[in-house]
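Trainee: Residues per chain, in single letters:
2 protein chains.
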Amino acid sequence: MPNKTSFPVLTPDEAAAQIPHGATVGFSGFTPAGSAKAVPEALAQRARALHEAGEPFKISVLTGASTASQLDDALADADAVSWRAPYQSSRKMRKDINNQQVQFLDMHLSHVPQMIEFGFIPQIDVAVVEATDVTTDGRVYLTTSVGVTPSILRHADKVIVEVNRHHSTRLWEMHDIAVLPPPPQRNPIPIHHPLSKMGTPFASVNPDKIIGIVETDAEDGVAPFSPPDEVSERIAGHVVEFLMNEKKAGRIPADFLPLQAGVGNVANAVMAGLGESEVPPFYMYTEVYQDALVDLMRKERLLGASTCSLTLSEPKLQEVYDNMDFFASRIVLRPQELSNNPGVVRRLGVISINTAIEVDIYGNVNSTHVTGTRLMNGIGGSGDFTRNAYLSMLVCPSQAKGGAISTVVPMVSHVDHNEHSVQIIATDQGLADLRGLGPMERARRIIDHCAHPKYRDYLHRYVEDAPMGHIRHDLHTCYELHRNLLEHGTMLPEG
Amino acid sequence: MPNKTSFPVLTPDEAAAQIPHGATVGFSGFTPAGSAKAVPEALAQRARALHEAGEPFKISVLTGASTASQLDDALADADAVSWRAPYQSSRKMRKDINNQQVQFLDMHLSHVPQMIEFGFIPQIDVAVVEATDVTTDGRVYLTTSVGVTPSILRHADKVIVEVNRHHSTRLWEMHDIAVLPPPPQRNPIPIHHPLSKMGTPFASVNPDKIIGIVETDAEDGVAPFSPPDEVSERIAGHVVEFLMNEKKAGRIPADFLPLQAGVGNVANAVMAGLGESEVPPFYMYTEVYQDALVDLMRKERLLGASTCSLTLSEPKLQEVYDNMDFFASRIVLRPQELSNNPGVVRRLGVISINTAIEVDIYGNVNSTHVTGTRLMNGIGGSGDFTRNAYLSMLVCPSQAKGGAISTVVPMVSHVDHNEHSVQIIATDQGLADLRGLGPMERARRIIDHCAHPKYRDYLHRYVEDAPMGHIRHDLHTCYELHRNLLEHGTMLPEG
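Residue numbers (my numbering), protein chains in the order written: chain A, 270 to 764; chain B, 270 to 764.
One chain only, chain A, in its complex shape (with noise of 0.2 Å):
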């Protein structure tokens, strides 16, 4: 293979040692899928060694979305990050983002590739990714995930390819990567279904900023999918319940269209119950191609998805690269500008699942701070897809730790998505579908149909005491529920 012996090849402790104190770096990765393992890592021992000898040493990290435990616990664990973008699932990093160690942008995804083309955010130093081949005119072959890979490819100043032996060297036939140009030479994107493809199976990159690649063999790490407990299955069935009573209705046609779901338990459990259902088969568009899809592809229940990243245990990721002639034509991966483009999900008319923290009597949802101020993970696709889908739902059990906490407030503590946004909100108590209604008949619905019933009572009473208005809010009192929680562990402590 003499194109990949013309750039260095490093380990990745001389990779690393290339990556300065105070540097921007774009890793690529978009949930742990492609997401830059041995660099990250070997920087993270760097970090260490360097503080022990009493020198300095932070960076600035850019990826796709979260990465592997290679990338950000590593980092966070060295305290070696001092600013971080746009979203995160690391306990260390989330401890540091919330105690001000590390300054956190909480950023749509969909975003970021555009920012950095636009120069909004700062100059990349250093762009470390993950590939599964890289040749001598700059034609880099993408693993697991396409993320923010190829604007960071663009526009960073040196390059590092990590060569991961690990990967399929098929993936490139699911791959449709192109970067929009700004405006005003940018023409309507030209993806008229899930699987429409409009760029390259490759990210093009300068050869010669690349100064290195670094050879690995390592999987993603992506953690099994556990089965769906009961309260996930409740919701499901909820959700399940509205979409076929809403194409029996006609609201949503014959043919179905296509789906959007977030990650986690929830969202596992809808596309299970979808996949199940009587819902004619379906495509996905989607950000995140978890395990549950698999299966619902093979039984061609799910038809096709575009994504941004495959998130598959090995187990699963090994079944779809074992049968790569039937996956590769049914999976599309996409840069995140495309995977999440608001324009793109309003035209083709995706329905999206998104999982929420706390949502109010009102509609309005927090996705991303429990209290108003402690980060959880960051507001990731949710936005993209919320406010552009055909029928945005959010969706969250009634409650949480063990009923000391309702998801139901009167007036969410941060607001991700709002009114204007929010069409329907289902917990395992049941669904409220909130299209066409005012304040006070959305407060009734969603209390009598998500709320927890043991907090009924508290809520409409709160609507009952609040001053008049089109919405009706006690600000001396909006926030009683959450204050009880902080103060007393609990929200209702003599309920």
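Some clues are possibly wrong.
Simulated restraints on C-beta separations [claimed, not checked]:
no., chain 1, residue 1, chain 2, residue 2, range
1, A, G671, B, H745, 46 to 54 Å
2, A, N368, B, H745, 20 to 28 Å
3, B, D486, A, R520, 49 to 57 Å
4, A, R713, B, P325, 53 to 61 Å
5, A, E510, B, P325, 56 to 64 Å
6, A, P496, B, N514, 53 to 61 Å
7, B, Q369, A, K364, 40 to 48 Å
8, A, E484, B, E510, 49 to 57 Å
9, A, P470, B, K723, 53 to 61 Å
10, A, D524, B, D734, 53 to 61 Å
11, B, D486, A, E510, 24 to 32 Å
12, B, E569, A, K364, 54 to 62 Å
13, B, G388, A, K568, 26 to 34 Å
14, B, H320, A, R713, 21 to 29 Å
Result set (DSBU-like, lysine-lysine): computed pairs, CA atoms no more than 35 Å apart in a straight line [said to hold, decoys possible]:
no., chain 1, residue 1, chain 2, residue 2
15, B, K517, B, K723
16, B, K364, A, K427
17, B, K568, A, K478
18, A, K478, B, K466
19, B, K516, B, K478
20, A, K517, B, K478
21, A, K466, A, K364
22, B, K568, B, K517
23, B, K327, A, K516
24, A, K427, B, K517
25, B, K478, A, K327
26, B, K478, A, K516
27, A, K466, A, K478
28, A, K516, B, K517
Read the hints as simulated data drawn from the structure, not as lab findings. As the structure is a computational prediction, the values presented were derived from the model and not from experiment. Using N, Cα and C, we set each Cβ at its ideal position, and we do this for glycine too.
Based on these hints, arrange chain B on the given structure of chain A.
Mentor: What follows is chain B alone, placed relative to chain A:
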């Protein structure tokens, strides 16, 4: 004109008599421009007479946005409305909404046509639309706005056309009308430039649904443009300076990008300021074409504008009508689904400038509800543009009511645009560029650059005293300023 006489000519009273109690009525109108006038005014009379006779009469009112005084003011004065969507700016209607006499649905304006098409809001019984002409085969030539009229003509059971002789019969030269089909039959929207056209110069209706025409000769009644005050000019100065610097830094291309500006004094001042600046001649992709733009266009500072309405005072409208050869090729009037389309806004790279009621120290914006409860007008198109803009700017004076109100608060009492979508905030005090910043840096910048000096200490202290977190908030005191205002008439009673 044999075409028109083939439809029955009705008096306004005869037309109004066709609209029963409980009906859902779709009226033309996007601002006072193109609003139905004679029939709603007669309907208000009919409601009064029925109420005096002890009979109930209320209707559901759907329009493009706000309307002429003959519509919202008249119907609200007559207590003839039970449900209203998607936006209004009438003093009496607002009062009824805030007393919950009228159920109000506050919607993103671009959503309204598709919600009708999808069957997500109530079936329309009667459409009442203003036109310059209607043909026996169902071509309806609209007047000074398009709004949601093409959709209500498609979906209403019965149609009444107000043929208004006051308007230029050449307005069709500006119109570009299309109704998007529901997914999955949607193609990319072929708008490559603010002046691209994709549709027809008329709206279409099944002529069998037309139960009559009403002949009128009525002005839109748009209030004349008032010259900008000093505060607005200061805000405009900061915005213009920022845009010039972005252009110098290469983050806005040399040819500039299309602008969108909301309604009102500040937006007018910004447009006037841009007109006098060194910004090159530019285009607009906006929802309302206001008085200030006529002069800018005649000076060839404004090269062209896509809009949903010509919201012009009578002298300015006559100036346009007297110079149709000049203006007709420079203005495109579109339905709100296209004038405000998120995908097109993002593709064209629109720079959006909208007015806020209040902003918070983390960059969340309230555009709709005073103290979280009392509706002002509605979100209108501000969300369509802000969420998808190349640069999203929100502007407001730093204080209101002679200093009793700080428009910069710890936590906004209603969130219409959140921290994920808001990039720039400007007040008379200065401008905060939030791109790339985490919450704590955003707070410092907004307080120091945008808040009135009298409130800065309070706001800094709020952040310092609030519990640690990614975002610092104290759920006991986050609304202290609002509570002070409600209880003492001023946010800082001791200040």
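Trainee: With a cut-off of 35 Å on the C-alpha distance, tell me whether K516/A and K517/B pass.
Mentor: Distance ~53 Å between K516/A and K517/B Cα, so the pair is violated.
Trainee: Is it true that the CA of K466/A sits at most 35 Å from the CA of K364/A?
Mentor: violated (40 Å)
Trainee: Assuming the hint says 54 to 62 Å, is it satisfied by the Cβ distance from E569/B to K364/A or not?
Mentor: holds (58 Å)
Trainee: Range hint 53 to 61 Å: satisfied by the CB atoms of R713/A and P325/B?
Mentor: violated (23 Å)
Trainee: Looking only at beta-carbon atoms, does the pair N368/A, H745/B fall within the given range of 20 to 28 Å?
Mentor: About 21 Å separates the Cβ atoms of N368/A and H745/B, which means 20 to 28 Å holds.
Trainee: CB of G671/A to CB of H745/B, is that within 46 to 54 Å?
Mentor: For G671/A and H745/B the Cβ distance comes to about 26 Å; the hint is violated.
Trainee: Does K478/B pair with K327/A here, judged by a C-alpha cut-off of 35 Å?
Mentor: Since the Cα atoms of K478/B and K327/A sit roughly 70 Å apart, the hinted pair is violated (cutoff 35 Å).
Trainee: Would you say the C-beta atoms of Q369/B and K364/A sit inside 40 to 48 Å of each other?
Mentor: holds (45 Å)
Trainee: Please test the hint of 53 to 61 Å on the beta carbon pair from P470/A and K723/B.
Mentor: holds (60 Å)
Trainee: K466/A and K478/A were given as a pair; does the straight-line alpha-carbon distance stay at or below 35 Å?
Mentor: holds (28 Å)
Trainee: Are the Cα positions of K516/B and K478/B separated by 35 Å at most?
Mentor: Between K516/B and K478/B the Cα gap is close to 52 Å, so the pair fails against 35 Å, i.e. violated.
Trainee: Range hint 53 to 61 Å: satisfied by the CB atoms of D524/A and D734/B?
Mentor: With a Cβ separation near 57 Å, D524/A and D734/B satisfy 53 to 61 Å, so the hint holds.
Against the hints set out earlier in the document, violations occur for numbers 1, 3, 4, 5, 11, 16, 17, 18, 19, 21, 25 and 28.
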